[in-house]
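Peer 1: Listed in order, the protein sequences are those of chains A and B. The numbers in the first sequence follow the numbering used here, run straight up by one, and end at 500. The numbers in the second sequence follow the numbering used here, run straight up by one, and end at 648.
No lab work stands behind these hints, which were simulated from the structure alone. On a predicted model such as this, the values are computed, not experimentally measured, just so you know. Possibly wrong hints are sitting among the right ones.
[To be verified] In silico SDA-like pairs for lysine to any residue, Cα to Cα no more than 20 angstroms straight-line:
hint : chain 1 : residue 1 : chain 2 : residue 2
1    : A       : 436       : B       : 548
2    : A       : 106       : A       : 486
3    : A       : 436       : B       : 513
4    : A       : 436       : B       : 532
5    : A       : 41        : B       : 554
6    : B       : 539       : A       : 436
7    : A       : 41        : B       : 632
8    : A       : 436       : B       : 554
9    : A       : 436       : B       : 635
10   : A       : 445       : B       : 637
11   : A       : 41        : B       : 635
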Amino acid sequence: MINYLYPLYEIVRNYDRCIACRVCERQCANEVHEYICDADKVVCDDSKCVNCHRCVALCPTRALKIVKSGNTYRENANWSCKTIDEIYKQAGSGGVLLSGMGNPEKYPVYFDKILLNASQVTNPPIDPLREPMETKVSLGAKPKAVERDENGRIINNLPPQIKLSMPLMFSAMSYGSISYNAHESLARAACELGILYNTGEGGLHEDFYQYGNNTIVQVASGRFGVHTGYLNASAAIEIKMGQGAKPGIGGHLPGTKIVGDIAKTRMIPEGSDAISPAPHHDIYSIEDLRQLVYSLKEATGYKKPVIVKIAAVHNITAIASGIARSGADMIAIDGFRGGTGAAPTRIRDNVGIPIELALAGVDKRLRDEGIRDNVSIVVGGSIRSSSDVVKAVALGADSVYIASAALIAMGCHLCRNCHGGKCNWGIATQIPELVKRLNPDLGYKRLVNLLTAWEHEIKEMMGLMGINSIESLKGNRLMLRGVGLSDRELEILGIKYAGS
Amino acid sequence: MKRVYVNEQWCLGCRLCEYYCAFAGIGGADMARTLKGVKINPRICVEENNGISFAVSCRHCEEPLCVKSCITGALTVNSDGGVIVVDKSRCVGCYTCILSCPYGAVSPSDDGVIQKCELCVKTVSGVPACVQGCPNNAIVFEERCVAL
Numbered sequence: 001m002i003n004y005l006y007p008l009y010e011i012v013r014n015y016d017r018c019i020a021c022r023v024c025e026r027q028c029a030n031e032v033h034e035y036i037c038d039a040d041k042v043v044c045d046d047s048k049c050v051n052c053h054r055c056v057a058l059c060p061t062r063a064l065k066i067v068k069s070g071n072t073y074r075e076n077a078n079w080s081c082k083t084i085d086e087i088y089k090q091a092g093s094g095g096v097l098l099s100g101m102g103n104p105e106k107y108p109v110y111f112d113k114i115l116l117n118a119s120q121v122t123n124p125p126i127d128p129l130r131e132p133m134e135t136k137v138s139l140g141a142k143p144k145a146v147e148r149d150e151n152g153r154i155i156n157n158l159p160p161q162i163k164l165s166m167p168l169m170f171s172a173m174s175y176g177s178i179s180y181n182a183h184e185s186l187a188r189a190a191c192e193l194g195i196l197y198n199t200g201e202g203g204l205h206e207d208f209y210q211y212g213n214n215t216i217v218q219v220a221s222g223r224f225g226v227h228t229g230y231l232n233a234s235a236a237i238e239i240k241m242g243q244g245a246k247p248g249i250g251g252h253l254p255g256t257k258i259v260g261d262i263a264k265t266r267m268i269p270e271g272s273d274a275i276s277p278a279p280h281h282d283i284y285s286i287e288d289l290r291q292l293v294y295s296l297k298e299a300t301g302y303k304k305p306v307i308v309k310i311a312a313v314h315n316i317t318a319i320a321s322g323i324a325r326s327g328a329d330m331i332a333i334d335g336f337r338g339g340t341g342a343a344p345t346r347i348r349d350n351v352g353i354p355i356e357l358a359l360a361g362v363d364k365r366l367r368d369e370g371i372r373d374n375v376s377i378v379v380g381g382s383i384r385s386s387s388d389v390v391k392a393v394a395l396g397a398d399s400v401y402i403a404s405a406a407l408i409a410m411g412c413h414l415c416r417n418c419h420g421g422k423c424n425w426g427i428a429t430q431i432p433e434l435v436k437r438l439n440p441d442l443g444y445k446r447l448v449n450l451l452t453a454w455e456h457e458i459k460e461m462m463g464l465m466g467i468n469s470i471e472s473l474k475g476n477r478l479m480l481r482g483v484g485l486s487d488r489e490l491e492i493l494g495i496k497y498a499g500s
Numbered sequence: 501m502k503r504v505y506v507n508e509q510w511c512l513g514c515r516l517c518e519y520y521c522a523f524a525g526i527g528g529a530d531m532a533r534t535l536k537g538v539k540i541n542p543r544i545c546v547e548e549n550n551g552i553s554f555a556v557s558c559r560h561c562e563e564p565l566c567v568k569s570c571i572t573g574a575l576t577v578n579s580d581g582g583v584i585v586v587d588k589s590r591c592v593g594c595y596t597c598i599l600s601c602p603y604g605a606v607s608p609s610d611d612g613v614i615q616k617c618e619l620c621v622k623t624v625s626g627v628p629a630c631v632q633g634c635p636n637n638a639i640v641f642e643e644r645c646v647a648l
């Protein structure tokens with residue numbers, strides 16, 4: 001059969017610099033490089049390369065680089081090379097196209113069209129190196145009024161909260177979709193930073209119960225790994241209704257990844273596929289959701305806040321309004337650029353809405369309805385930098401979720417082949433030789449470094465706006481101005497155009 | 501004394517340590533120029549079998565058998581640290597040290613006498629080249645309270 005596909009990337013080896021140390025050959029799980037003994041040289045097969053840069057990063061003499069293949073079909077503005085290749089793939093396989101990580105297509109990134117304000121002359125900026133800056137946040141429902149007992153003493157009516165040293169958390173990635181070492185890195189980094197990480201729908205490995213105070217445990221449609229001990233080990237519980245990368249569909253972790261501890265942690269037999277249904281089969285209304293929220297609260301003695309996570313979709317404001325009345329303490333909204341270990345390509349690239357618009361809409365609607373204090377809002381779906389965090393907070397978020405950025409910090413090069421299970425960086429794989437490539441001692445340190453840097457930058461940005469507490473920035477849309485946006489977009493974002 | 505230790509759990513068998521060791525031994529500004537076309541003879545060696553790998557280099561023993569066995573006094577324990585060093589001008593290449601080292605950490609060098617790890621700590625970072633070059637912290641340079 002003819003192979004219609006030409007490799008997307010070419011590996012360029014500078015033979016003047018290559019010393020044939022063979023580290024590229026030893027480190028490539030896709031078996032791209034091969035040492036030819038007779039010729040004492042290393043050659044490569046571009047067709048197997050996923051462009052993950054493991055060989056490039058480890059080559060001690062910088063003899064390797066990977067470039068986009070110059071091979072092209074006849075130019076066509078309608079039928080792009082990518083579109084044609086996808087048809088060849090499906091015509092060859094008869095299967096649904098799969099992709100890893102978030103939506104890579106050219107949709108507008110609203111964060112890049114929003115600019116921050118700075119203080120000049122009449123409202124002095126604050127120097128964060130000389131004056132105290134507060135980035136701590138407390139997430140959870142807030143009481144509407146002060147209550148007193150018959151003696152006039154204040155009754156503590158504060159619902160359970162979670163406290164974060166900065167408005168950032170690691171979002172859900174299951175043990176199974178990512179490796180043990182990746183999980184350990186996230187858990188240890190969350191502990192050191194005073195933030196939370198999220199188990200995803202893979203259960204909580206018994207080794208990680210020690211990080212419970214910094215753990216959000218997830219309850220999703222497959223209910224994998226859920227039991228009382230799991231719920232009570234956590235700082236908060238998240239009900240996953242949807243995910244930004246694949247709203248409205250379930251999940252599928254192939255049986256090949258359900259090995260050893262993963263099967264035990266998920267409480268399913270080894271080798272069985274872990275299929276999470278698209279809906280929760282017990283939730284068909286806000287009332288049903290309320291039942292699950294209160295079941296979980298009941299199971300944990302009303303000591304843990306409950307988060308409901310949903311994908312940003314068209315009716316997000318109405319859905320969020322319902323969730324805010326369901327008894328949930330927090331709403332997590334995942335934008336259409338959110339990452340995933342594997343999703344059908346068409347769904348990842350065509351379903352959902354941008355997180356910036358969803359956030360602005362939800363924050364406004366909840367304020368208009370007087371129920372904004374019922375819930376905290378956490379947003380995710382491609383928060384890429386500290387400025388995205390600041391803009392999200394100014395649009396009304398209480399905190400953000402990051403995951404792709406965290407993976408990149410640990411070595412991920414966004415090759416988007418997580419679904420292949422052969423992650424050369426030891427992140428999205430369960431093959432022991434690959435898993436051990438991520439030493440958590442290094443991985444956690446890189447996460448701590450990243451977020452420490454972001455925290456400094458957040459404080460700098462708050463300082464230049466003349467704000468010394470992140471709480472004062474929340475929903476402060478006057479600190480934002482848009483560029484290159486239509487009146488309708490500005491209206492939805494609730495911000496003014498630059499210059500006005 | 502700080503020594504080179506191996507965390508076998510994290511060794512990937514990539515053998516970069518061997519190349520960084522060889523580069524440090526020969527010297528030069530650029531590894532590509534130094535090692536191009538060179539068959540390396542490093543002082544650290546990755547042992548590999550059945551998916552387990554780890555790098556072996558001189559342990560700098562408190563009671564070194566190699567020093568004891570040396571017939572010319574070429575191998576000595578450095579007075580200011582405990583590093584076992586070779587005086588190549590005194591070595592006659594009898595290889596008794598190679599026979600007596602229980603770790604196989606002494607080897608013949610390209611110039612006829614013997615070679616072993618002498619802890620190349622005079623690097624920019626102050627840690628040996630193999631430690632500096634290990635991508636996964638599988639080789640570390642640290643103080644440990646263990647009797648060798």
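Peer 1: All the hints need checking, so say for each whether the structure fits it.
Peer 2: For each hint, the structure was consulted:
1. A:436 to B:548: Status holds; Cα separation ~15 angstroms.
2. A:106 to A:486: holds (18 angstroms)
3. A:436 to B:513: holds (11 angstroms)
4. A:436 to B:532: violated (28 angstroms)
5. A:41 to B:554: violated (25 angstroms)
6. B:539 to A:436: violated (29 angstroms)
7. A:41 to B:632: Violated. Residue 41 of chain A to residue 632 of chain B sits at ~26 angstroms, over the 20 angstroms cutoff.
8. A:436 to B:554: holds (13 angstroms)
9. A:436 to B:635: Distance of about 12 angstroms is within 20 angstroms: holds.
10. A:445 to B:637: It holds: about 12 angstroms lies between the C-alpha atoms, which stays within 20 angstroms.
11. A:41 to B:635: Status violated; Cα separation ~23 angstroms.
Checked against the numbered hints given earlier, this structure breaks hints 4, 5, 6, 7 and 11; the rest are met.
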